[in-house]
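Line by line, the protein sequences give chains A, B and C.
Here the first sequence is numbered in our numbering, starting from 479 and rising by one per residue.
Here the second sequence is numbered in our numbering, starting from 11 and rising by one per residue.
Here the third sequence is numbered in our numbering, starting from 2 and rising by one per residue.
Don't take each hint at face value.
Below, a sample of chain C positions facing chain A; criterion: calculated Cβ distance under 10 Å [to be verified]:
id, residue
1, E17
2, K22
3, F60
Dumping the calculated DSSO-like pairs for lysine-lysine here, alpha-carbon to alpha-carbon at most 27 Å [said to hold, decoys possible]:
id, chain 1, residue 1, chain 2, residue 2
4, A, K535, A, K569
5, B, K73, B, K125
6, B, K48, B, K257
7, A, K539, A, K526
8, A, K569, C, K22
9, A, K569, A, K526
10, B, K86, B, K257
11, A, K537, A, K569
12, B, K73, B, K86
13, A, K569, C, K14
14, C, K22, A, K539
15, C, K22, B, K48
16, B, K93, B, K257
17, B, K125, B, K79
18, A, K539, B, K48
19, A, K537, C, K22
Calculated directly from the structure, the hints in this document are not laboratory data.
Built from N, CA and C at the ideal position, the CB exists for glycine as well.
Okay, here's what each chain looks like letter by letter:
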Amino acid sequence: MRHHSNGTTRRDLLIGAGSLAGGIGLAGLVTVQPSQATPATMQEAIRKVVGEAIVNKGKIKLDIPPLTENGNTVACAVSVDSPMSADNYVKAIHVFNEKNPQPNVISVQLGPRAGRAEIATRIRLADTQSVTAIAELSDGTFWSDSVEVIITLGACLEDPV
Amino acid sequence: MKRTCAALLLLAATCAAATEIPLAERRSSYETLSPETKAMQDDDTANPAMLWVLEGETAWSRKTGEANKSCADCHKGAGETMKGVAARYPAFNEKRNAPVDLEGRINICRTEQQKAPAFPYENRELLALSAFIARQSRGLPIESKDPRLKPFIDQGRTLFEARQGQLNLACSQCHDDNFGRKLAGIPMPQAHPTGYPVYRLEWQSLGSLQRRLRNCMIGMRTEFYPYGAPEYVALETYLMWRARGMKVESPAVRP
Amino acid sequence: MARALINVPAKAKRGEVVAIKTLISHIMETGFRHSTTGEAIPRDIITTLVVTYNNAEIFRAELSPAIAANPFLTFHTVATESGTIAFRWTGDNGYDVSEQATITVE
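Extracted from the complex, chain A is given alone in its bound form:
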C-alpha cells in the first residue's frame, strides 16, 4: 500500500474505486513514499514502553468512531478504570497506530492529582487500521485496548499545496 503525507492513499482509493476522478493526472501531482509503520513497527514501539512486561486486556477503553469522515481529524478518547488514589493510579497512557508513517500517536503522563484517567484528543490516521492504547499503572502493570478504524474521504479534494 503506498502512503503519502496525511493520506494520499485516498488517491489510490479514488482511482481504485473507479470513481469520478477517473485517475486523471493525479499521479503527477504528488510524490509518494512507502509507509514506514507496520504492525511489527507498532509492536516494537509498544515494547519500548512496556519492556518485558505482559500487557493485559481490560481496564482501559479506547474510544474512536469505527467509521470516520476524514482521516485528518479523528476524535480519540481514552479512559482507564482506576481510583486514581495515592497508591493506585494511572501513571501514563500511550496510544499507537499501525499504518501511519510512524507508530506513536501520543503519550500522556498522569498521576493521582488527575482525579480521573480520561483524556481526549484528535488524531490523524493515514488509512484504515488498528489503533492501540496502553495504560501504565502505578503497580507496574500494563493494560491495553485496540480499535479497528475505517477511514473514508471526501470526493472533491484540493491541490496538495
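Got chain A; can you put chains B and C on it based on the hints?
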C-alpha cells in the same frame, strides 16, 4: 377558471425549477455528520473555528491603515451591529452595481475606510474577521430578499446547472439530483452555505465559501475561477438564495 | 493574537474533579509531505504540553505528527486550592507558547 390558472402557474413554476430541491426538503449537511464531528461544531470550547473567531474579535478592535481606524471605530460592538449581516451576504453594492460577498465587503472597508491594502483571499486575518462577523449571525435565517440580486441569482443558477470540465458534470447533478447518495463513501450534501467560513477537516483549517467552490471545481476536473472572480460571487448569491430561510451555523465544521 | 482556547472552570469545590480543555492554533506539519516539485516539507509540530497547578505539574503530553492540526487535548484534575493553572506548549523551531487560567476553589 381560477383553479386552472393556479394549477398552470404551479406547473410552470415547477417546470422552471425542475431540479430544485423543494423548500421543505432542504437539509444542512450538519445532519449527515458523525456524532463526533457534530460535537466538534456544537461546542464553542472545542470547535477549531473558534480560534479564528477569537482572532477576529481582536482584529475588530485593532486600529490599522493610514486612517488608523479599527472596525469598532465605525461599527462599535459587533454583537449588535453585525447581527444578521452574514445571513444576508452577498449583498448588492450600489457603487459597484453588483453583489459583494462578506470577504469582499471587509476588503472594501479596509481599502476605502481604513486606507490599508486589501487582504488577499484566504488570508488569516481576513478569515478571522469573516468568522467573527459570521458568528454574530448564528441561528438566524438566511435572507435573500433584495430584488436587485435577481440577475445575479439567475447567473449563479446558470453556472450551477451548466455541465463543465473533463467530466462534463454540473453542480446540480450531484447536489440537486443525487444528494444523500454516496460518492466515494461519503453522502453527497445538498450544498447549502449555512456554515461559512467553515473549518474543513480536509484543509485542517478555516476557509471561505470561495475556497470550497474552488475545491469543488478541482474535484469536477474543470478550470476553476481565480479568487475574487464575479462568477464565485454569483454562485454564492444563488446558493444563499437557494438556502433562504435555513439557519446560519457559522462557523461550522465539515469533513 | 488569540492562539489558544483554554477552558478551565472559574470555580470549583475542593476535591471536585474538573475537566480542562485546550485547543491551540498550530499547523502540525508532519514532515512526511512533499510539495508538487518533490521537496520534503520539513516537520513543524508541537511536541510537548506541560500543565502546572500552582507550579506543581499535573499533566504532561508528548505529541507526535499523528496529532491533528490545531491540537485539541482534554484531561482532568482535582480542584485542590485556588490559584493558577499554567499551560506551556513547546515544539519544533523554538515554538514556545504559554497561557494561564485562574481557578477559585471553595
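Inset, instruction - Compare the distance between the alpha carbons of B/K125 and B/K79 with 27 Å, and conclude whether the hinted pair is satisfied. - result: Within the cut-off at roughly 9 Å; holds.
Legend entry - Restraint check, 10 Å cut-off on beta carbons, for C/K22 near chain A: Holds - the Cβ of C/K22 comes within 10 Å of chain A, reaching about 8 Å at its closest.
Inset, instruction - Measure nothing beyond the straight line between the CA atoms of B/K86 and B/K257; if it is 27 Å or shorter, mark the hint as holding. - result: Given that 27 Å is the threshold and the Cα spacing comes to 25 Å, the pair holds.
Legend entry - Given hint C/E17 near chain A, where the shortest CB pair must fall under 10 Å: holds (8 Å)
Legend entry - Straight-line alpha-carbon gap A/K537 to C/K22, limit 27 Å: holds (24 Å)
Inset, instruction - Would you check the hint for B/K73 and B/K125, treating anything up to 27 Å between C-alpha atoms as holding? - result: holds (11 Å)
Legend entry - Hint consistency between A/K569 and C/K14 [alpha-carbon to alpha-carbon, up to 27 Å]: holds (25 Å)
Legend entry - Given pair status - B/K86, B/K73, alpha carbons within 27 Å: holds (13 Å)
Legend entry - Distance restraint between B/K48 and B/K257, which requires alpha-carbon spacing of 27 Å or less: Given that 27 Å is the threshold and the Cα spacing comes to 16 Å, the pair holds.
Inset, instruction - With a cut-off of 27 Å on the C-alpha distance, tell me whether A/K535 and A/K569 pass. - result: Given that 27 Å is the threshold and the Cα spacing comes to 17 Å, the pair holds.
Inset, instruction - Assess, step by step, whether the Cα of C/K22 is no farther than 27 Å from the Cα of A/K539, and give holds or violated. - result: At roughly 20 Å apart (the allowed maximum being 27 Å), A/K539 and C/K22 satisfy the hint.
Legend entry - Holds or violated: A/K569 to C/K22, with C-alpha atoms at most 27 Å apart: Satisfied, since the Cα-Cα distance of roughly 20 Å is no more than 27 Å.
Figure legend: structure checked against the earlier numbered hints; every hint is met.
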